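Peer 1: Sequence:
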Amino acid sequence: MRVRRGRGRLWACRALAALLVAAPVAPVSAASADPAGLSGRELIYVTNYAAGTISVIDDAAGKVVRTFRVGDSPGRIAAGPDGRRLYVTDFVSGKLSVIDTATGAVAAIPVGKAPIGVAVSPDGRRAYVADFGGGSLSVVDVTTDTLIGTVDTGITPVDVTVSPDGRRAYVTDFLSGSVAVVDTTAGTVAGTITLSGGLWGAQVSPDGRRLYVAELQRSVVNVIDTATGEPTAGLDTGKSPRFVTFSPDGARAYVSSAYLDTVSVIDTAAPQVVAVIGVGGSPRDLAVTSDGSRLYVANLVSDTVSVVDTAANTVVDTIAVGDQPVGVVAIRHPAPSDGDPSQSLTTATATATAPIRGTAATGQRHPPAAAEQVRSIRHSTHSLAAIGVSSSRRTPGSRGVRRPASGSRFRPHGRCRSAAAAGRSPLAGRPGGGRA
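Residue numbers (my numbering): 414 to 849.
Honestly, the hints are just simulated from the structure, not real lab data.
These numbers come from a predicted model, not from an experiment.
A portion of the hints provided could be inaccurate.
[Claimed, not checked] In silico SDA-like cross-links for lysine to any residue, where the CA-CA straight-line distance does not exceed 20 angstroms:
#	residue 1	residue 2
1	K652	G693
2	K476	P684
3	K652	P684
4	K476	D730
5	K476	S706
6	K652	S706
7	K476	G507
[Claimed, not checked] What follows is a set of in silico ranges between Cβ atoms, one per label pair, in the way DEER data are often shown:
#	residue 1	residue 2	range
8	E643	A733	28 to 36 angstroms
9	R454	N726	36 to 44 angstroms
10	P684	R580	23 to 31 angstroms
Glycine residues also receive a C-beta, built at the ideal position from the N, C-alpha and C atoms.
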């Protein structure tokens, strides 16, 4: 186990109860192949944090068509570019669940401590995970389901988003109020965008020219020019903005407000808020269908998903899902693999993967979250995992991009090195690559 020490720096923010620990639930069988007739249909996958399950909604039918168990506390969810793989962070266990949507197979890959955000590279070969409790970005080679290393990115990383060309990953940090700009080829932090603090969700626009970052401290969404790293606007989207998503053409951005139970609609050309939509209780993640006609919003407190008609900006349906939905993603369901072993997680090949190239920078590392900052993660019937944040100072204003003062670099993971030496995957020996 790697232990990193750093200076303790606490921030003046109110205590944030961000995620709830799963209560015990009845065993659910491993995910099986999706019901017949769903190939080519738009499916919405919703993670139910407290239930430890995923609900699958058929967009055309407007109902849940299946529910299956994934990990202990499934949080954020991302899809590969072809829709065949889903990647789900598990805050409590520190693992990344990988779901084959064609076969229903599920694998679990250990990543960093208390992971929250996850993103997939445009070519589908890498998954990036923001490790809130570890102060790092985990890099997973999804061709071998292997954690190949980590990049030190801050104190409490929350979310990660990848540029359309795959060359940059942007990692928000709650405590420091900064966004680490990671060079994905070199495996280094190429720069840091400094904002005011309390950063949460982030998303790069489809054209790669703008980065939208939700900031809890000032209750705004920052619009950042990715070429210069400079903020160009701060939009009021309601108290406690959490996550951001774009329409497929990038003309609209959608931001959830957990405090006001609303979603703000942003005209990205202006940019300005053009509509505010009332949704369910404490909305979190959002996803737009591939044709851009509907927006799905996961409502943590009301245990529902709101379905929004994006042309009218109105809620047209509310669908009950599992206990405490957090993450949501929309994909076109792929055709079954017809028994092709190369498409199934249950027969993953044992291929060693070379680490990303990287060179060490000089200076001091960012410290990981201290015990006082991540106060409790405990399993019990009525327990709460509180990401507790307290402190004494706030960084005013926006200072744009600066070169990193840290020694942030890519470090090959021990499991990857030992797996390479043995010529096997670190998941070898686990039947079906299932949950540990």
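Peer 1: So if I understand the rule, the pair passes when the alpha-carbon distance is 20 angstroms or less; does K476 with D730 pass?
Peer 2: It holds: about 10 angstroms lies between the C-alpha atoms, which stays within 20 angstroms.
Peer 1: Verify the proposed pairing of K476 with P684, using a straight-line Cα cut of 20 angstroms.
Peer 2: Violated. K476 to P684 sits at ~34 angstroms, over the 20 angstroms cutoff.
Peer 1: Mind checking the hinted window 36 to 44 angstroms against the Cβ distance between R454 and N726?
Peer 2: 25 angstroms, violated
Peer 1: Just tell me: holds or violated, for the beta carbon distance of E643 and A733 against 28 to 36 angstroms?
Peer 2: 44 angstroms, violated
Peer 1: Straight-line Cα separation of K652 and S706 no greater than 20 angstroms?
Peer 2: Judged against 20 angstroms, a Cα distance of about 26 angstroms means the pair is violated.
Peer 1: Holds or violated: are the alpha carbons of K476 and S706 at most 20 angstroms from each other?
Peer 2: 17 angstroms, holds
Peer 1: The hint says 23 to 31 angstroms between P684 and R580; measuring C-beta to C-beta, is that right?
Peer 2: Given a distance of about 24 angstroms, which is inside 23 to 31 angstroms, the answer is holds.
Peer 1: Given the hinted pair K476 and G507, is their alpha-carbon gap at most 20 angstroms?
Peer 2: Violated. K476 to G507 sits at ~31 angstroms, over the 20 angstroms cutoff.
Peer 1: Given the hint that K652 pairs with G693, test it: the Cα-Cα distance must not exceed 20 angstroms.
Peer 2: 15 angstroms, holds
Peer 1: Are the Cα atoms of K652 and P684 separated by 20 angstroms or less?
Peer 2: 19 angstroms, holds
Checked against the numbered hints above, the structure violates hints 2, 6, 7, 8, 9; every other hint is satisfied.
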